[in-house]
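Asks: Top to bottom, those sequences are chains A and B. According to the numbering used here, the first sequence is numbered sequentially starting from 1. According to the numbering used here, the second sequence is numbered sequentially starting from 1.
Mixed in with the good hints there might be a few duds.
To be verified - Ranges of calculated distance between the beta carbons of each label pair, as one might list FRET restraints:
(1) G1/A with T86/B: 20 to 30 Å
(2) P39/B with G15/A: 28 to 38 Å
(3) M19/B with G15/A: 40 to 50 Å
(4) Q76/A with T86/B: 37 to 47 Å
(5) K9/B with T23/A: 28 to 38 Å
(6) T5/B with K81/A: 24 to 34 Å
(7) G16/B with L54/A: 47 to 57 Å
(8) M19/B with D68/A: 41 to 51 Å
Said to hold, decoys possible - Each computed DSS-like pair below joins lysine-lysine, with the alpha-carbon atoms no more than 30 Å apart:
(9) K9/B with K102/A
(10) K102/A with K57/B
(11) K71/B with K57/B
(12) K14/B with K102/A
None of these hints come from the bench; they were simulated from the model. Model, not experiment: these values are computed from the prediction. Glycine is no exception: its CB is placed at the ideal position from the N, C-alpha and C atoms.
These are the residues of each chain, in order.
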Amino acid sequence: GQSLEQPSEVTAVEGAIVQINCTYQTSGFYGLSWYQQHDGGAPTFLSYNALDGLEETGRFSSFLSRSDSYGYLLLQELQMKDSASYFCAVSNQAGTALIFGKGTTLSVSS
Amino acid sequence: NAGVTQTPKFQVLKTGQSMTLQCAQDMNHNSMYWYRQDPGMGLRLIYYSASEGTTDKGEVPNGYNVSRLNKREFSLRLESAAPSQTSVYFCASSLRADPQETQYFGPGTRLLVL
Numbered sequence: 001g002q003s004l005e006q007p008s009e010v011t012a013v014e015g016a017i018v019q020i021n022c023t024y025q026t027s028g029f030y031g032l033s034w035y036q037q038h039d040g041g042a043p044t045f046l047s048y049n050a051l052d053g054l055e056e057t058g059r060f061s062s063f064l065s066r067s068d069s070y071g072y073l074l075l076q077e078l079q080m081k082d083s084a085s086y087f088c089a090v091s092n093q094a095g096t097a098l099i100f101g102k103g104t105t106l107s108v109s110s
Numbered sequence: 001n002a003g004v005t006q007t008p009k010f011q012v013l014k015t016g017q018s019m020t021l022q023c024a025q026d027m028n029h030n031s032m033y034w035y036r037q038d039p040g041m042g043l044r045l046i047y048y049s050a051s052e053g054t055t056d057k058g059e060v061p062n063g064y065n066v067s068r069l070n071k072r073e074f075s076l077r078l079e080s081a082a083p084s085q086t087s088v089y090f091c092a093s094s095l096r097a098d099p100q101e102t103q104y105f106g107p108g109t110r111l112l113v114l
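Please construct the entire structure, taking both the sequences and the accompanying hints into account.
Replies: So this is what it looks like as C-alpha cells:
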C-alpha cells in the first residue's frame, strides 16, 4: 500500500526558511503533490513533482528524489500567513486518486 | 463560478440516524472525491468517482455509500451514523483522475455524531 511520513509540527520565525520533509512508500509512483490548509479552511494545491529536482514557484519550492523516495517543500521569507498545515500526497495504486500524509503544522512567529 | 460547494456546513446527528452530504462542482470536472479529516490523521480518502457512472472505494469506505448523480454532483451517505464518523468531510474535484491534476476542495461539512 501507500504510506507517507512527514513531521507533525515545525516552528519558525518570520523571514526565515523552513523545509518540510516527506518520505513515501508506494507500489507504483507517479509524482508527489503538496497542499496547504489554513486552520478552518479547505486544502489548496501548491505543487506537483513528477521528475527529480527542484521546482520553484515564488517563495515556495518543492524537491523530489525518486531514488530516495523523498521530497520536501521549502518555504522562504516566511510570513505569518504561511502558518498552516502542509500535506504531501502520492497517488493510489491505480493512479486515479491521491493518498495524503498526516500533515505538518507550521507555526510562524514574529 | 462557485467551484466546489458542499451542503450542509454543519450537522449534528444521533447514533443510528442517516444523512446525505451533498457536493456539486461547476468546473466541468470529470473526477470527484470524498475525504474525511480527523485531528492528527490528515485527509483520508473515502470514495471517489473517476468519471460519471463510476465509483471506487478509497482508504476508509466502511459505513459509507456514494452516488455520482451526474457529472456535477457526488453525494456521500451515512446509513447509520456512529460516533466514530464524527469528522470534517471534504469533497474535491479534478479535471481527470490523474495524480498530476490539481484537486479543488469544497469548504467542508462538519459532522458531529452523538
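Asks: Taking the earlier hints as the rules, which of them does this structure contradict?
Replies: none
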